[in-house]
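Asks: Those protein sequence lines, which keep their order, are chains V and P. Heads up: the first sequence runs through residues 1 to 293, numbered per our numbering. Heads up: the second sequence runs through residues 1 to 338, numbered per our numbering.
Hints listed in this document are in silico derivations from the structure and should not be mistaken for laboratory results. One should not assume that every hint holds.
[What the hints assert, rightly or not] Cut-off 30 Å, straight-line C-alpha distance, at most; resulting in silico cross-link-like pairs (DSS-like, lysine-lysine): (1) K105(P) with K17(P); (2) K115(P) with K134(P); (3) K238(V) with K123(P); (4) K185(V) with K336(P); (5) K185(V) with K105(P); (6) K336(P) with K247(P); (7) K120(P) with K108(P); (8) K107(V) with K185(V); (9) K247(P) with K185(V); (10) K17(P) with K107(V).
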Amino acid sequence: MEKRVRFKSSWLPWLLIAPQMAIVLVFFFWPAAQALRQSVMSQDPFGNNSEFVGLENFERLFADASYLESFKTTAFFSVLVAVCGLSIALLLAVMANRVLRGAGVYKTLLIWPYAVAPVVAGVLWLFMFASPMGVIAYWLRMLGLDWNHLLNSRHAMALIVVAAVWKQISYNFLFFLAGLQSIPKSLIEAAAIDGASPWRRFWTIVFPLLSPTTFFLLVINVVYSFFDTFGIVDATTKGGPGKETSILVYKVYYDGFKAMDMAGSAAQSVVLMCIVIALTVIQFRFVEKKVQY
Amino acid sequence: MASITLNKVFKRYGSGKTANLVIHGVSAQIADGEFVVVVGPSGCGKSTLLRMVAGLEEITGGEISIGNRVVNDLEPSERDIAMVFQNYALYPHMNVFDNMAYGLKIAKVPMDEIKARVDKAAKILEIGAFMQRKPRELSGGQRQRVAMGRAIVRQPQVFLFDEPLSNLDAKLRAHTRLEIQKLHRELGITSLFVTHDQVEAMTLAQRMIVMNAGVMEQFGTPEEVYNRPASTFVATFIGSPPMNLLKNAPEARPGTILGVRPEHLAITSEGWALCVDALETLGAERLVYGRWLHGAGDELVIIRTDEGQPVPELGSTIHVTPRADRLHWFDATTGKRQ
Ligand SMILES: Nc1ncnc2c1ncn2[C@@H]1O[C@H](COP(=O)(O)OP(=O)(O)OP(=O)(O)O)[C@@H](O)[C@H]1O
Ligand SMILES: [Mg+2]
């Protein structure tokens, strides 16, 4: 049986996707085109005059030490978010996969954080870490650690990593759980009969079979930490102390709207766009090839 | 090598309200080197029994021993067994060699011995040509042999098979059946083989366990099971077409059932009077379905005759005589052989 719907008239399908297309055009293509245009223009601060300057903005950008520093910060941040987010989610999924009673409750609780907006997640963790009355800050002080993310750059980085990871864990968890459940039980049993300990079974059978899921999530998490964490940074550290937690997306905003360097900000957006396009291409290439096995 | 002893083995899934007793006290002695087939209809608990021997299911009650060791509390890996799964359970990300070598590597067998053992098994099973392929690059029959190879290289005390032939086509199944027989002759390893296919059971088994709803109905050689079925269940489960179970035969005594196989009924000039209800011709043989003339309800009698015999006409009356030495009497209430 034909599953696809066939339209008699040719304009109806266009009409039906029109709202979606309009949204994509207005909120994605148009700003993207604007950014592209601005990135090759130079504008005075009041937006009255602008002139074409070619790649000058980009040259300026890559000569800027603070931009390169932000790259490093972002790389460090996204590696931390991806590694922590994936490993904690995998651990939780492995445990959830073994739970027999109350599995539904457990899963529901783990999925909740995904419904929380980034800014709210940021504020939530900010409160818990805020010295002197935040709960976690209080515990840490009892343990002898004087928490201060306003002054200590490592504390600040830890704060945004924790908030970002917490928010993304649900998503990773769901995918890992689905991945685990799609591994036939008989494989694990065969390995048990072959004498493999649970630890060894995990690393030689389960983990390799999860690799397509892991790879998919890795890309998704990197994209997330690059682009979706603006709200968290803005709500907690605002890129500080100094520029220590100013990741690329935050810098786009800061340079554009705080420092009023529109051209530089646009150039940065274009660079970010290239990164996201590259990641998406990698994603599709590998998903098509299903990664090994 | 080792014997297997099942002593009043019980299995219950779940507990409380959802408790479900699926094995009701099975006792059996399987001798060292014997090939025993467990056969029964779907859902009767064959796999469960096998998996308890393997250590993949907990034993609710009773005792299972392999060799002289009670294995109730041993891990699967400590039981010195190998198992061939219905879906083969080959590791999809490893090639054929690694699949077969996996258990040996874990057992820390030296690499040159692993190679020697895998090569030998590959030769026996004729899978040497695709040692470097992944399971998904193999046909069903080849996968099946790799799964067997993985069991062989371990040189276990006991082989366990859970319907390993059910995913093969009829021709390949017949061929593999012979190969398994040959393999067992060569290696002489105690084997427990689960199937729902009576032909497989009859051809492979040295002795067979016929199960029904978690109960062992009979444990004996294929000849015993065929010639002296212990219950009406066994009588109808083994043999095709199934044995006639007759309550209304002229000889029948109240409270008993007379069993007679279709091939042990002959059309003669005297004897039971039947009205021919239907005919089926199956190549070399013909099945005649008869109904009692003395008005005994809708009990059907199946008679198997050679295709050379004259064809009775539909609706006509025939006379049938059973072979006197091939009558089976069963208790009508318990179904047990009398
Ligand atoms: N994990 C389980 N939890 C609860 N009940 C189970 C479980 N596994 C099996 N059962 C039940 O136990 C009974 C026996 O199952 P089993 O798999 O042993 O049947 P089987 O004889 O192997 O059938 P088949 O020929 O279809 O494979 C079935 O009624 C089944 O529903
Ligand atoms: Mg089964």
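Asks: Could you run down the list of hints and mark each one as holding or not?
Replies: Status of the hints after comparison with the structure:
Between K105(P) and K17(P) the alpha-carbon distance is near 44 Å, which puts this suggested pair outside the 30 Å criterion. Proposed proximity of K115(P) and K134(P) is supported: the alpha carbons are some 18 Å apart, at most 30 Å. Simply put, K238(V) and K123(P) have alpha-carbon atoms about 68 Å apart, too far for the 30 Å limit, and the pair is violated. A C-alpha spacing of about 39 Å is found between K185(V) and K336(P), which places the hinted pair above 30 Å, so the restraint is violated.
Only pairs whose Cα atoms come within 30 Å are accepted, and K185(V) paired with K105(P) is accepted, the gap being roughly 22 Å. The hinted pair formed by K336(P) and K247(P) meets the criterion: a straight-line CA distance of about 14 Å does not exceed 30 Å. Proposed proximity of K120(P) and K108(P) is supported: the alpha carbons are some 19 Å apart, at most 30 Å. The hinted pair formed by K107(V) and K185(V) meets the criterion: a straight-line CA distance of about 20 Å does not exceed 30 Å.
Using a Cα cut-off of 30 Å, the hinted pair K247(P) and K185(V) is violated, with the two alpha carbons roughly 48 Å apart. Taking the CA atoms of K17(P) and K107(V), the gap is near 25 Å; set against the 30 Å cutoff, the hint holds.
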